[in-house]
Amino acid sequence: MPAGILATLKGGPDPAGPIGGVTSEPALVRRLLIGIALVFLAFFLVLPLATVFVEAFRGGLRTYRAAFQDPDALSAIWLTLTVAAIVVPLNMVFGLAAAWAVAKFDFRGKSLLVTLIDLPFSVSPVVAGLAFVLLFGAQGLAGPWLADAGIRIIFSLPGIVLATVFVTFPFIARELIPLMQDQGTSDEEAALTLGAPGWRIFLRVTVPNVKWALLYGVLLCNARAMGEFGAVAVVSGHIRGLTNTMPLHVEILYNEYNLVGAFAMASLLAGLALVTLAVKSFLEWRYAGSIASASAR
Amino acid sequence: MGFRLKRPSALPGFGLSLGYTLFYLSAIVLIPLGALVFRAAGLGLGGILAIARDPRVTAALTTSFGLAFAAALVASLFGLLTAWVLTRYRFPGRRLLDAAVDLPFALPTAVAGIALAALYAPNGWIGSLAEPFGIRIAFTPLGIFIALVFVALPFAVRTVQPLIGEIEAELEEAAATLGAGRARTVLTVVLPPLLPGMLTGFVLAFARAVGEYGSVIFIAGNLPFVSEIAPLLVIIKLEEYDYAGATAIATIMLLISFLALLVINLLEAYARRHLGHA
Amino acid sequence: MQVRAIGIVKEFGAAAAALAGVDLDVRSGELMALLGPSGSGKTTLLRVIAGLEAPDRGRILFGDEDATTIPVRKRGVGFVFQHYALFRHMSVFENIAFGLKVRGRERPSRDEIRSRVTRLLALVQLEEYGQRRPSQLSGGQRQRIALARALAVEPRVLLLDEPFGALDARVRRDLRRSLREIHDATGQTTIFVTHDQDEALELADRVTILNGGRIEQTGTPDEVHDTPSSAFVMSFVGESTSLPVRILDGTVRFRDRVLGVPGEGGRDGPAALYLRPWDVAFTDSDTALAGTVAMVRRAAGGRRAEVKLDGPGQEVVEVGIPVGRSVARGETVRLEIRGGRIFAGRP
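Residue numbers (my numbering), protein chains in the order written: chain F, 1 to 297; chain A, 1 to 278; chain Z, 1 to 347.
Be careful, since some hints might not be right.
On the chain A side, residues computed to face chain F include the following (Cβ under 7 angstroms) [claimed, not checked]:
#  : residue
1  : PRO8
2  : LEU11
3  : SER17
4  : VAL37
5  : LEU81
6  : ASP102
7  : THR109
8  : LEU129
9  : PHE133
10 : VAL234
Hints are computed from structural coordinates only; laboratory data are not their basis.
A quick note: this is a predicted structure, and the numbers were derived from the prediction, not measured.
Where is the CB? At the ideal position from N, CA and C, for every residue including glycine.
Isolated chain F, as found in the complex (with noise of 0.2 angstroms):
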């Protein structure tokens, strides 16, 4: 079928055949939006990218290896993972405990809830970070009594912490909730007629249904809290090698003019965020029915 191999090549079978595509544009419609969409995409998503890692080797591969070596850089980096394996678990329990709840069961006030899960993703990160200092810092609500208890909140790791886990709350939370919803729950009726124990039947049976959503959440949640950088700003206080981020840190860089070693520090995270990507696209490629439920959002 030289007529099949020669579509395929195309990129796939010609729609439109020889009375004209029912479902589908004229071909030259069809390559010129395909070729604006490409330019546009190669503008806003591939370019940028490319920059970072051009950036970053401009210096040839000695220099950039030499950005690694101040301390600052890995404190910096050794601050982002810690911050990053204590917001992750955090959010993944309250992602399921939010789950189990809203699918499993029906209550007044459902809807709510669910809207109020979302909300961080509407709220600008810096007022994320300004609502934390509002409340925790010296001027702030219960700034008087955590200076008497020698707690410190705000400029410090606690408060960077607590930024983060706003900016990332709602995103296990989400992923989870409408797929546990499309299941239902007659796995878990079926484990109680069994006899299970509730933990069990959580365990069990309700984690594994949701296992690659739940991945796929935490793979969102890690990128996003590695990545955070509007609401740490604002409660960071930028002390170098104490609480300094990875993103604070490229900005430190990058505002001396300290280009390369900016742009390799931004190189690791833009690295971090492809590796997201590809895992992401290959969760919803193989396991596609697992992860998104039947409804769209």
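Could you slot chains A and Z onto chain F? The hints should help.
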């Protein structure tokens, strides 16, 4: 408690899971935002408006909202085009492109910020192309606009893409058997059901763009009255220990976020009612 | 409008069954059913006639005009889709008016569109529903709106794909009748696809039976039921069971017993004897076939007994139970074969 089981269930763990959910939601989201609202209440409506009337604040809010609106609009249109191309057509590299749409989600905003700044600066790859025409992109509102489109794009694409995938071929075939040409079929049969999804994407993109900080500040130039965005002004006020100023600006931004959420929920209810599906 | 399909070949249609050389002749004003199991190509044939699929070979004629290369939107067909394909964002009125509004220069005036839509709403007995949304209608109502929308463009031929497939039994019955009435009132040449033989036999003037991308038989409901041209048609249309028999010197033999069925020109050798339930009767004759009643059930027309024949093959024959006769499971009975149709090959 206002929460009561509507439907009794045999499954255990309702109290524990809902209790924990509410506790965590309160501790992380509601109480901090409450602190902000409490502070704002201390200022009173008059106090907030007085701060908002400060020319520099007004300029920053106008810049943020105006450019966020424009960026969300452009992102919605190109998002529709991108989603259509990715869903309907088959071409080499389609999967890669599809994955790349999420880049602004995954790429830390500060990284995107310095990359866009380098790219659109007068000596950057794209900036140097525009320079001969007298167009400056970086360090002007145009640069902010570009960064916001970048940030908004995934919202615009991902809200309509599944809807395009769900369009039944039968609908387009029906329009064709009734004598409609392709252009008319697309305009009158295919696009209208996508509109609520597009609007949802627009509102999400707008809300995100208004609050965006990291991607913008590097390319913005941050010139007061020209290219200074509201989130940056919040931080500047905070650094000046002007808590009232920071709170007032943040409250206005928060209000817009709530309105955005409200609009989205109304849109979804509308779509469910009038189109027979969400 | 007479509709003819000549030598239609369609290989590897997009998600559709193939057609391997199909000839169809639908007379003007006729109501024709395309009947077959899934994968038989009946929907593909309908879509080829509509112009939704292009045939690899063959021609479609509308009257004397060759319609093969006319694009679907200019072909003048009304198509009712299996899931109706109503435009959800438009009212019922706008749905029906759609085909008139998109006509460009030949677009009728607003008043004319209005009166025509009103007449069609009356025709499908949904006068009050013009301003409703499709989502506010029941399945049967949606189906009728889809029919009205297809008729609005005054098509040369009306095509329906499994028009009653998604409806429950009662609504189906009502809609069958109203489709027949609408057809009789408009005299519209109509082709519909179904996998339901009752629907085809009850509704259609003629039935075309497809199997594996080929036409097995075209004929009136009585013809395809009473004089099926193939074993497939025999078993697909109406109830039947079959016995492996052997033809020898013009006689039909089942386990060396000569049956009272004429072997009509069948070639000597193994063959299949297909029996309608009333081709078999209970008898008292000791020499008749013996068997045991395996099951008694009620079918549409009456009661049936499944009788397992004694002997090595344990063949099962279905027997129509006459009114007034009682038959119990496990009972030993004797059967007389009074008719049936012979087809070459094994059953």
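Do the hints match the structure? See the list:
Here the hint on PRO8 of chain A is broken, as its CB sits about 9 angstroms from the closest CB of chain F, past 7 angstroms. Taking 7 angstroms as the C-beta contact cut-off toward chain F, the hint placing LEU11 of chain A at the interface holds, the least distance being around 5 angstroms. A cut of 7 angstroms between beta carbons decides the hint on SER17 of chain A: the least distance to chain F is about 4 angstroms, and the hint holds. About 9 angstroms separates the beta-carbon of VAL37 of chain A from the nearest beta-carbon of chain F, more than 7 angstroms, and the hint is not met.
A distance limit of 7 angstroms between C-beta atoms decides the matter here; for LEU81 of chain A the minimum to chain F is near 6 angstroms, and the interface restraint holds. Taken as an interface hint, ASP102 of chain A checks out: its beta carbon lies about 6 angstroms from the nearest beta carbon of chain F, inside 7 angstroms. Annotation: THR109 of chain A was flagged as interfacial toward chain F, and the flag holds, the nearest CB pair being 5 angstroms apart, inside 7 angstroms. Contact between LEU129 of chain A and chain F, as hinted, is not supported at the beta carbon level, the nearest pair being about 11 angstroms apart and thus beyond 7 angstroms.
Interface restraint check: PHE133 of chain A against chain F, minimum CB-CB distance 16 angstroms, threshold 7 angstroms, status violated. For VAL234 of chain A, the shortest C-beta to C-beta distance to chain F is roughly 5 angstroms, which falls under 7 angstroms, so the interface hint holds.
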